[in-house]
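Q: Residues per chain, in single letters:
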Amino acid sequence: MALLECENLRKSFFGVEVLHGVSFSLDRGRVLGLVGENGSGKSTTMNILGGVLPRDGGRIRLEGADYDPRGPKDALAGGIAFIHQELNLFENLSIEENLFITGFPRLGGALPFINRGRMRRRARELLEQVDIRHPPGTPVGSLSQGERQLVEIAKALSVDAKVIIFDEPTTSLTRREADRLFGIIERLRRRGIAMIYISHVLADVTRICDDITVLRDGAVVGGGPAAQMPTERMISLMVGRTLDQLFPERTCTPTATPVLEVRGVSQPGVVHEIDLTLHAGEVLGIAGLMGAGRSELARILFGLDSFHSGSIAVDGTVIENPNPRTCMEHGMAFLTEDRRGEGLMMHATITDNIALASLDEYASPWARFIERTRLGDEVGRIGQKVRLRAADPVAALARSLSGGNQQKVVLAKWLLRNPKVFILDEPTRGIDVGAKFEIYKIIDTLVAGGAGVLMISSEMEELMGLCDRILVMNHGEIQAEYSRGEFDSGRILEAAMKRKASVATPGAIAEKVA
Amino acid sequence: MNTVRLRLALLRNAPVALFIVVLAVFGSLSDRFLDVQNFTNILIQASHIAILGIGMTFVLLTAGIDLSVGAVMYLSVALLGIYLADASPILAVPAMMAVGALFGLVNAFFVVRLRVAAFIVTLATLFIGRGLALWVTETRMVFYKDQVLSLARAEFLGVPWAIWVFAIVFAVAWIVLNHTPFGRQVYAVGENPDAAAKAGINVPLVLTTVYAMSGACAGIAGFVSITQVGAAASSFAMEKEFAAVAASVLGGVSLFGGRGGVAGTVFGAVLIQTVQNGLVIVNADPYIYPLVTSSIIFVAVFVDSQRSRILERLGRRRIRIEERPV
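Chains as they are written, first to last, in the numbering used here: chain A, 1 to 514; chain B, 1001 to 1326.
Hints are computed from structural coordinates only; laboratory data are not their basis. Heads up, a few of these hints could be off.
To be verified - Taking CB as the label site, the calculated pair distances span:
#	chain 1	residue 1	chain 2	residue 2	range
1	B	F1039	A	G137	30 to 36 Å
2	A	D305	B	R1007	20 to 26 Å
3	A	P135	B	R1012	19 to 25 Å
4	A	E7	B	L1010	57 to 63 Å
5	B	F1127	A	G117	47 to 53 Å
Just so you know, even glycine gets a beta-carbon here, dropped at the ideal spot from N, CA and C.
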């Protein structure tokens, strides 16, 4: 009998099913690798197991008994520990306090005082099992990322976890820390603990896992013993999709005129030696995994975050003091990945949202009052251009719109300024297929009008269907570059997942396009 | 990296440096200032602010704030003078703590259940509390009887009564914060409420308790204060909430939650009172008092925000690992 069995797990968000019946099983002392692209359903599945999300259908059995966690605490009590990518540790507390935060040993067993001596002894035992040599009283804030991960594992051991789930445990670890983690995983396996290991680093998955399950679009598309799953097979299973007519015909080709030139932009710990050139009439895609530094690069380009060295130029003019204001004055526009939080004022009207970035242009000459009529006309015109659909295209509140129409409002806000460079971060996230198509058409219109679009997306087919060129980012560097015609999802994914290879400098980008 | 750590250490010790400067300046201006008797006075005068600040510390540690404490002081003192004028302190103090805790529970209801910002809730209850107190006193001055007033001069083992209360409240709070599961959970909730909930901590209960404790401390502070003042006018304990916040922040309690402790708060309260006392002793222009106190508070808040900024920068998630520090 398997230790953990998941049968036909289903989950929907807002009426859209994202898990279409996921099944797998796990035995004692085995490590199961779970791989798949962003959005393939890995995290949703694990959140169900870890009690973070309720499931809509299917069945989970733990040691033969039905398992139905109502919260993370339930899951932990049942023996399933979830080590999240973002660690759940309290930096202001010591290691031992983090280990026992919900179950401190008490003086006399029941008095309301912490038994410090006993806590320290038990913490020492646990830390020894994960090879941490620091005294248990060390504040977690002074530990390295790798050590914090080990503290989380010790925490799982403190409650006698039978199953430990690792979600991308190595993203912020150095190679040496990762090797240390793998050593511990090996040791736990020998103790009979079962583990689920989620990672984009396929080489690691092959190395430490006994079995591998591949997810795509919320369903299991393949699996088997790790020995029979070479990396190429995993990748082909992960992407295995065909492009159909989801994208509008592109109506223009890139010119040789650069509109955005980025040279050697570096920020320690974030991005390294970023070189890229965006041309008028070009859609330049940036592919990469979550945490590859794409959004961080976008924020740097738009002057939201600082950078250490390098230069950014629009239309041949280097932006001297990059901040959102100067970047906008040079003709940049930035659509953030967080539409609700950063892109829109959700409780304001469509007009107020669209006008926000151009209020100065609509102020009267002397008193600087806003010229409402002129503004209203212009907003109406732009709204039509982006085919905004709302009950009241002027006064409806942003939060009353659908995701697609909200995104059109954000685009309209920038269109009002006639920018030359659009930086779009995940422009179609959380938008239905029909609205996506319209966003693609708007993007095509933008470049046909002579602007350049830099588009970050986690949806591979979207990049391949729309872009003239695709840059692949990995570890804050540009890892590879592909032109239309040589797009190949397998190769792009491979470049995105490669662990720390030599930097592929996209040298003569301008020549290639010209 | 090392220069960052160094700056952090400097910021952490800035209040101590400030204290030494204050001692040196007033000590050189007056020979009475460095007298032992004067320091006993400072401790007595600081006691109600310190007690108020200790309660405030619990709230601040959870990244909340309680602006109603001054009003609670006045309300509990007013109720004491009107309804329990003949009661002995043994009964009066618990009764005042109960009034404060009840008030704290009202704050907690709005903050925890209805999720209104603590700043707004307690700003409103500040006015409600003072309003209630003015209503029960009919805006008249309240006077107290001998069993209360005699405590101003009472001593036990040669130590003034107010300092005993101060010390006991501090000891209890220190043990609760450092040696009980609840105390450590207060720190966890302040650092990261989401992670605390995920770890299975009863976050609403922790938050409710800290507001009740802050209210109870305000009740005690009211009693200690009235033994010294002797009568409660309508301006009693006015703006004490700011002194309490200032004492905590000066002592290293972060307004952003999770950092600091009650020992720091006591230090902060003593520092503020030392400055006040020094200004009196050197006969400074009374109009200058608020300016000096407010600049000290400004320094404290500035130091706190600088420290948080540096900590945030240190904690930012890395995308790539630079093999050698750049």
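Q: Each of the hints needs a verdict: does it hold here or not?
A: Structure-based check of each hint:
As the Cβ distance of F1039/B to G137/A is approximately 34 Å, the hint placing it in 30 to 36 Å holds. In this structure, D305/A and R1007/B meet the distance hint of 20 to 26 Å, their C-beta atoms being roughly 21 Å apart. Between P135/A and R1012/B the Cβ separation comes to about 21 Å, which falls inside the hinted range of 19 to 25 Å. With their beta carbons about 59 Å apart, E7/A and L1010/B fall inside the hinted range of 57 to 63 Å.
For F1127/B and G117/A, the Cβ-Cβ distance of about 49 Å falls inside the hinted range of 47 to 53 Å, so the restraint holds.
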